[in-house]
Amino acid sequence: MKIVATYNIKGGVGKTSAAVNVAALGAESGLRTLLWDLDPQGSASYLFRVKPKVKGGGRKLVRGRTEIVDLLRGSDVEGLDLLPADFSYRHMDLALDEAGKPTRRLGKVLAPIEQHYDLAVLDCPPSISLVTESVFDVTDLLLVPLIPSTLTMRTYEQLDGFVSGDEVAHPPAVLAFFSMVDGRKRLHRQVVESFPRDRDDVARTAIPAATEVELMGLRRRPVVVDAPHSRAGRAYRDLWGEVRQRLGV
Amino acid sequence: MSLTAPTRSYVAPAGVDAAALVAALAERLDVAADQPTTGEATVLDTADRRLRDAGLELRLGTGRSAGRLTLRDHPGAPPLAAEVPPEATRFLAPDLPAGPLRDRLAPVIEDRALLPLVRLRVEVRPLRVLDDEGKTVVRVAVATSTALGLPPSVPDTAPLAAMGPLDEPEHSDGPVDMRPELDVAGVLGYPKPLARLTTLLADDLALSESNAGLADEAVAALGGDPRGLRSKVEVHLHPAERADEAAVTVLTELAGMVEANLPGALADLDTEFVHDLRVAVRRSRSVLREMKATFPPEPLARHREGLKWIQTVTGDVRDLDVQLLDWDGLAERVAPDRRAAMAPVRTLLAERRGAALTQLRRDLGSDRFNDVWVGYRLFLAGDLGPEDDRPAAATPIGKVAGRRIRKVYDRMLAMGGAIDDASPPEALHELRKRGKELRYLLELFGVLWPADVVKPMVKTLKRLQDVLGLHQDRAVQIAHLGSLAPDLAVVPDGPDALLSLGALIDRLAAEQHEARADFAERFAAFAAKDQQRLVHRTFRMPA
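First to last, the sequence lines map onto chains A and B.
Here the working numbering is used: the first residue of the first sequence is 1, the next is one more, and so on.
Here the working numbering is used: the first residue of the second sequence is 1, the next is one more, and so on.
Hints were generated in silico from the structure; no laboratory data involved.
Glycine residues also receive a C-beta, built at the ideal position from the N, C-alpha and C atoms.
Careful, some of the hints might be misleading.
Stated by the list, open to error - Here are the simulated DSS-like cross-link-like pairs (lysine-lysine), alpha carbons at most 27 Å apart as the crow flies:
id, chain 1, residue 1, chain 2, residue 2
1, A, K2, A, K60
2, B, K192, A, K53
3, B, K192, A, K55
Unchecked claim - According to the in silico footprint, chain A covers these stretches of chain B (three or more CB under 8 Å from chain A):
id, stretch
4, 123-134
5, 291-304
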């Protein structure tokens, strides 16, 4: 099972949108796919019309006292299952800390179902915490959405430095991509154009700011399902192509 | 631990169409309808319908779904799928891609090929049952199939010009509309909506759960025989029936089996066609021999000779098939470090099998075969003539068959009793041949006597035959493999292969010796006094 995580220290940058669309495209490609909504806000769970509720809460889950199989929910996309969010995930840091070897915990949670899925997509909460460190430890590819701004480069290099630093035992590969790009804004165009494109940790694909993406919350379906031929739908498909190539799946 | 939600399959009662089914569901549930799809599929099965008998249905997609195999298993099990080359329509187990579908099918089909059974056009209306949130909690597919046609029963490649008067069943051209089917798939984590729906389907809509699909109905509607090829003779005999008429009834059934297997044997669809054809011929020869007093001597001798010729010309292919089918088992008898050196032996066997098949096709496509077979069929269908030279013709079959069973059994007792450590291997082979005669008599005419006597007797006989068969098979294998030596000596890596072959032959000879050691115990059970009394008491003219 390959694991992709969508992550940024900031919220509202398109992590959940990327996670649900990449997961839907993974399933569409025939990969048995799991989406784990780690964000206590439960946006990914909401998008798939699944109740953001985990029996026993996050604490029991990370301690291995809940059968993970009983928590899984099939989604409207065939081949894509969801491990829903729970509001108790806001205390997952504490739960991990108490459980011992915290950065290995998420891997242990996923271990029983590892053989049943080809791809897991983790939708992370916006923070740097034990949860994210544990995510970094288990992840093969960290997918980082970046909104073009004057501080984009700095933010990204901070993250890159952390991920590849000593604190992460098993650093994942990183793939950043521009998200919510508004072509009408000069700043967006300038930032995207000035970002070094020859780096292999930056995707060629940029996800546009598009109505279809905003409508996901209303229609409660991934863009790639609801409007597959839209600009955003095509962009997510291209991004998935880059992700897939890096994962070798 | 299962991460797959259960599935269920249903068939609608006659007279209910797909639109009515969809409407009935929409009336009772919150359902969303997705875009209907239409595609063609071919149902595959072995010639003897092993998948159907095991409660399985395998479909091969065509058109946009070309190359996709989908297997429906027992109720509740998720369907299995695999991708195969889009142009392929015939699959032996090793042709299937490794994975769960092959793992499920291989032990069911064994050495048989999966072949096209019936072509269907399938219109699928996908529905989703929704919960209060509008989320899909059960998936439903309402499928309407139209049977388009049966694959040709005689492959184009078969040189069957000589087969003049064969009875080809009348096939309808189709298309024939079938009853709608309904596949229900649960969604992981939502067992209750699935349970509610299955109750509704059974109780309110009177749908019957069935995983076998409608392939049988489709085949029957198109004029085919859904039972497939059979190797068991199932005829109704009465003990008081004239022996000649009963014999002809059995022989006609066996002749039908020869003809049913002939196209597959010629097309080399799988090895069992030649095997089953030979079994039917051998049984026919046995009936002609054991019931000879019911037939006129002159034509009888000619037809026995004709059938013997068919048996002979199909023998090489079968002998080589046995070696090749058992190749892994043979190779395992050689030390692991010598197995790789056996490759040239296998290559040589495969080459010889190719040549033997060419010769078989030539022989069974020849004028001689035509003369033999058409003559034999006319003999069975015609008047057997005056009874002057057919002393047992009008005797009840119960009397004739019972007498023959007792006689052959007694003959076996004498032959087996005379075998000791000094007896030549041929003595065991001759006993085995007699054992086959007895087995065929019991299988073909045993229906006239109580099954609780016949079945245990067949079992005891089979135990004896197994050990005699092993003895003889090893003798044949040793001779066969030994005959490869001159050819092996001149191929690259041949000398190394010869060394391994020598080791294999030694091992086979040891097994032959062991089989002989087991003979005494098996024969003692067969020849036990109570068994003798039972045979003589039972196989009298039934009341």
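Would you pick out the hints that fail for this structure and give their numbers low to high? 5
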